[in-house]
Every structure is written in C-alpha cells, then in structure tokens.
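Given the structure of chain A, go ahead and fit chain B onto it with the hints provided.
Protein sequences appear in the order of chains A and B. If you read the first sequence in this note's numbering, its first letter stands for residue 13, the second for the next number, and so on. If you read the second sequence in this note's numbering, its first letter stands for residue 3, the second for the next number, and so on.
Bear in mind the hints are in silico, worked out from the structure with no lab data behind them. Be aware that one or more of the hints could be misleading.
What the hints assert, rightly or not - Facing chain A, according to a computed beta carbon distance under 7 Å, are these residues of chain B, among others:
no., residue
1, Val-33
2, Met-50
3, Ser-66
4, Gly-70
Said to hold, decoys possible - Pair ranges (Cβ atoms, derived):
no., chain 1, residue 1, chain 2, residue 2, range
5, A, Lys-158, B, Ser-24, 28 to 38 Å
6, A, Ala-87, B, Glu-130, 39 to 49 Å
7, B, Gly-132, A, Lys-158, 56 to 66 Å
8, B, Ser-44, A, Leu-75, 30 to 40 Å
9, B, Ser-21, A, Ala-271, 38 to 48 Å
10, A, Ala-52, B, Asp-43, 43 to 53 Å
11, B, Ala-41, A, Thr-191, 25 to 35 Å
12, B, Thr-48, A, Leu-75, 30 to 40 Å
Backbone N, C-alpha and C fix where the C-beta goes; we use that ideal spot for every residue, glycine too.
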Amino acid sequence: MANTAAVRSKDPSGSTDTPAEKFAELRTLLVGPEQRQLSALQTSLNDPVAQARAVSRVLPTALELRTNDPHLRRALAPTIEEAISASVRRNPRPLADALFPIIGPAIRKAIATTLSGMLESLNTTLEHSLSWRSLRWRLDARRTGKSFAEIVLLNTLVYRVEQVFLIHRPSGLLLQHLTLSGTSAQDADMVSGMLTAIRDFVQDSFKVSDDEGLQTVKVGELSVWIEQGPHALLAVVVRGTAPAALRGTLQQALEGVQAQYADFLESFDGDAAKFEGARPLLEACLQQQFRARDRPVRRSSMLRILAAILVLALGLWMFLAVRARARWSGYIQALGAEPGIVVVSTDREGWKYVVNGLRDPLARDPASLLPMHNLETDDVVGRWQLYQALHPSLVLARARQLLGPPAGADLEFNDGLLRAVGSAPVEWIEASARIAPVLPGVTRFDATRPIDEARRTLAASIEAAAPLFVKGTTTFTDGGEQIVRDQIARLHSLDALGRVGNLQFTLELIGQADADGVPEANQPLSEQRAARVLGMLQAQRFEHVAIRATGIGSREADPTATEASKQRNRRVSFRVARAAEGR
Amino acid sequence: MLGGSGVGKTSLVSRFVSSLFSDKYLTTVGVKVDKKTVAIDSGEMTLMLWDIYGQDEFQTVRDSYLRGASGYLLVADGTRSATLDTATALQQKAESVAGRVPFLLLLNKADLEPDWQVNERALWKLAEQGWHVLKTSAKTGAGVDDAFARLAREMAAV
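For reference, chain A alone in the conformation it holds in the complex (with noise of 0.2 Å):
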C-alpha cells in the first residue's frame, strides 16, 4: 500500500491510475479482443473435451479427404483390427450378425460348388464305367502303369490351369500361390525364384527390353504362362492346350492385383501375408476345360446302359426261345422217327409244350425221350391215342407177346410173313398157325423148319417104340399095350403136324415073330400082331396119317439069338413116312 501510494500521482486529467494500471487499460483496449481469443483458445487447447469436439466436426471432412492416402490406411489398420479382435473377445455376436448376410451366402455357395463338384465327379465315373471307352482307358492304365482317374483326364482334358504364382518382380519372391484341389506342387518359393532367373536370364541373353519379356515356358504336357505387371509377375502352370482368351484372364487377374496392391507391391518388405486380400483374384484364373462331346454322353449315359441291358436281356430272351424251340422240334422230329408212334399235331398251353398223337402200346414210351432234347417232363403234356402200328419191329414184337415162342424157338417177320424157326412142340406149331394170321400185319404164317423138326423127332420116337408079344401068340407083353397108347398119342401129334403142315403121312404096322417054329406059322402070326395093332388105331381117327399093316413073319429074326433078342423080334414095329416121300 505504502508503495502504491507513493506512485499514485495525478495526470492532468485529474485521473489517480498508476502508469501500470494504464497501461494495462491501454493493453486492454488495443489487444484485449484478440488475448480473450487467445485465452478461449488456450482453454480448448487445454480442455480434452473441447479439443475432441472441435476435432470431431472436421474428422469426417478429413477422413474423406484423405481416402486414397495410404498412410492414413496404414495408419487406421492397426487400430480397426485391435477394435475387431477385442469386439469379437468381448462379445462375437454383433461382428457375426454384422457378417452373417456374408458368411452364410458364402459358405452356401462353397458346399455347393463341393457337391457340384463331387457330383460332376461320380457322373464322369459313372459315364466312364460301362462304356467300350472306358474298358480300353482300363485297359491303358494297365498297361502305362497310370491310374484310371488319369488316363480318364488325359483324354478328356482340354485344359486345366493347375498353379498359379504371384510373384514380386524385381526380387523374385513369391508372394501368393494357389493350387488347383487334387494337384501336387513343388516348393513355390523356390520354384518363383527360379522362375524369375530364367526369366531374367532370358531376358538378359536376348536383349529384350523390360516389357517384354518370357511368356512361355512349355515341359511336356505341361506349360507355365506369365503376364508381367510392373511390380508384379502372375505365372500360371496349364495342363493341356488352353485358348488365348487365357492369357486375358491372367492379365485381368493381374491388373486387379495391380490396383489394390500397388502400395505393397512398391514398398515390400518381404511379407506376403498382405497379398492374401489378392487371393479371390487370383483363384478366378484356376480354370479347366473338358472335351465338349463328353457333355452330351452325360445325359443319355444312364439311357445307353437301360438300352445295353434291354438289348442284353432280349438277346437272351431270343437265345432262350430259339433254344428252345430247336429242342422241342428235335423232339418232334425224334418222335416221328420213332416206330408205333404218329404225332398228329403239337401246340402251346402257358408254358408247357403239347403233343397230340397215336402210339403203340408196344412203342417206345414218348417220355423217355425227352432228356436225350434237354426237355423237362413237366414241360410237356402228351396226349396219345392208341392204335395198332403195322411197323415190322412192332409185328413182331405183338407176334412174340402173342404166341410166345418156346425156348429153342422164334419168329421172324418180313413182308407180311411170319415165319417160324427153331424147334417147337407140336401143340405150339399148331397153336401158332392158327392164331398168326389174325395177327394185324400178318398175310402168311410158315413154320415149316419146326414142322420139319418135329416131324423128324415124332417120326424118331414112333420108330422107336415097338410093343412086344407073348411067344406065339398075339398078346401083348407086359407094357405093350401102354406103348401103343403112347404111340397113338405120338400118333396124333404127328396127324397135327399133318394138319399145321398139310402133309400126309403114312404109317407101316409091320408085324414080326422070332425064328422059332416053321415060317408057316410065323407069317400069319406076324400079320396078327400087326392087325392087332392095327385094330387099335383105326380106334383113333387120324386125317393125314395113312396106316397098313403087314407081316413079314422071322424073316429078319435071327436064329441063333438070345431069348431076350428073341422076344425083340416078337414085336410090331413102326415106319413114318412121308406119302410124296414113300418108303
């Protein structure tokens, strides 16, 4: 106070301000406008607050100035990832809502291209598995050593883009490389880095300029195509002949690369993990083509195979028929052949074959025929009549069934005759000879050579029994009477024979004494005996045997014989003969 009171003084105004407190006043008046705008600026420049507004109301304005600017990208980039990784640490929901219109879309179209894919897959199997192709495509894939899968794309690859490479230019290093699914590659990195010394090596030994440039490079089937940009190269491997219209691709694929990447591409820094943004692009060049005529096979594939199998099926269908139809005409044909059986007609009932027709009851039975033509008896119906064939061999057989020849006996038949052989009795020859010629097919019957047999042999056993007689007399010895029994049996017999044969026969009774007494008295016994005899066979009626007797007295006993040969001479005797013969 004490100083400020020694100051103060008055000015001529009459005003008691100090000099200071003027000039402060002066101060105010000149300057004080613009210390208050200084003072308001400082507190916003202080106030966080005020600063943040006043920068909020030019942000957005900034921001849109410097959209292009790389730096602000750069500079944002870090900041928007940490603010995305924490959202999605803190709570995933809103970034996935945000992205599911994106993601479900995306991850749609994915499967579905993976179904497309697999489906397109089995329908090239499918096409190539029943076909005349496909069977010599298995057969190369044999025979190379190569497995199925790819000799069916050799064949039917036109072009198929298996690698891209998206390389830096001036360092060679690789900073994208895609694959095509199912394709093996080598190491990329080194395989760009080689690329790139060949392409330079090139370059350098033909003194092309730095525009142009290595485009391609071709090994076997295989041929790598490269579009160059300014900062970056885009190499391609194709398998196959792939169309011009390629390398229009490559290079639209590459001058997309081009515009969004254009920063990095100018400052790498050898990190490639900034060009993964790059790969949507790049996978638009990973193309592949197949022969067009395979398109149409697809659809008809499955109407070709119904048609082979048709086919199939109807040629079977026809073999089995024709088979068949050539069994059962050779069973026809077999049962015509066959003797005692007519076929009069055959049909179809269902599935069963019918035959209609006569046979004979001593033909061969129809049914045995039929696993000699592969026929089954339920496969056919026969439906036979009998009747009688006139068939030689069935003659005969009814012949035999018939008349039964003996043992030692048998017929034979030819032309209407029916002929007897062998021996036979007599009752069977005549039985034969009446019962033969009613036989269906039987004109004659001749059983001549059994008649003659047994004529020999009746003739034989009548000539062979002589009854015997008490000495000078006519009676008979005991069994003499028996023995001309027996011999007007055997005397019938051979009256039958006669009969069957029409022959005639003649019997000699020739009477006998033995040499005692005088020749007059024996003649006359002897011709008693033989009438005695004789007496008791005209007893007997017999139409083709002739009988006489005589007496030829001892004129052939011997005198000096035995009384045993002296009663044999003491007989009647019997002589056959036949009348034309005569004996």
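Coordinates of chain B only, in the frame set by chain A:
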C-alpha cells in the same frame, strides 16, 4: 552368393541348407535357387538363396541376378588372393544394382588357413571401410550358420 569361380559359394549353400559337403567340384551354370528358414530375434526369416555362377575372366555376373536382392554374401577363397579382388569388384557392382543392402565378406576354406595367401593388410582396409569379414569353412561347417544368421539379422534390421 557372389564371388569368383571355385571359391565355395555352392558348397556354403549346400552346407547351410542341406548340411552336406562334397569335394567334387561342379561349376555352377546360371543360377540355382535354394531356400532356408533361420531364426532371428524377431522371429523367423525365410531366405531365398541365389547361388550365382562364379565371375572370372570368362564370364561376369549379370545385373539381373543382383536386382531385388535384400542382401548378399561375398565369398573369397583364402588360398587365392585374387578372389578377394573379384569380391571387391562384385561388391561395387552389387551396390550399384541392388543398392546399399547388407552384405558380408566370407573368407572361405578356413580349414586350409595355414595355406592362405590373403593379404592381411587388405582385410584391414576393408574392415576400416565398414566391411564385416567372417572366416568360414564349407568343409567343416565352421562359421557357416553364423554367417547366414548374421546376414539375416542385418537384413531384418533394415
């Protein structure tokens, strides 16, 4: 890998990449690219190694092979002093084409050091110029991994 003919560039790469060494000498034709990943402080670094044919009186290294290099190794044969001069010339060429990128000078064939003919004074002069000189032996493997690791660290530091 830059250097004269027969100094051991290919052997060094073979030792570093495949841990292999062969006494058989086959001159490199053109360039051969190899790859190896090394661990550095900040993580891993994949090195694309361009093994370039040796420069001699018959052939010179093409500029195109040097373009884009992030670093290089100059290789000289300790038993032949002339290869040091070649390495010096190649360094100038590399710097003019690739720019000031990290490099090291490797004196190879350290296993034959008793037979070395390299001028020590020349080495001092190079060191004074800021060159980093390391002794290596592709045959024994001595110093090989260290050389590549050091170059990788220097390239990462750029």
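Comparing the hints with the structure gives:
no.: 1; hint: Val-33; result: 5 Å, holds
no.: 2; hint: Met-50; result: 5 Å, holds
no.: 3; hint: Ser-66; result: 4 Å, holds
no.: 4; hint: Gly-70; result: 4 Å, holds
no.: 5; hint: A:Lys-158 to B:Ser-24: 28 to 38 Å; result: 36 Å, holds
no.: 6; hint: A:Ala-87 to B:Glu-130: 39 to 49 Å; result: 42 Å, holds
no.: 7; hint: B:Gly-132 to A:Lys-158: 56 to 66 Å; result: 59 Å, holds
no.: 8; hint: B:Ser-44 to A:Leu-75: 30 to 40 Å; result: 32 Å, holds
no.: 9; hint: B:Ser-21 to A:Ala-271: 38 to 48 Å; result: 44 Å, holds
no.: 10; hint: A:Ala-52 to B:Asp-43: 43 to 53 Å; result: 51 Å, holds
no.: 11; hint: B:Ala-41 to A:Thr-191: 25 to 35 Å; result: 28 Å, holds
no.: 12; hint: B:Thr-48 to A:Leu-75: 30 to 40 Å; result: 37 Å, holds
This entry satisfies every hint, going by the numbered hints stated previously.
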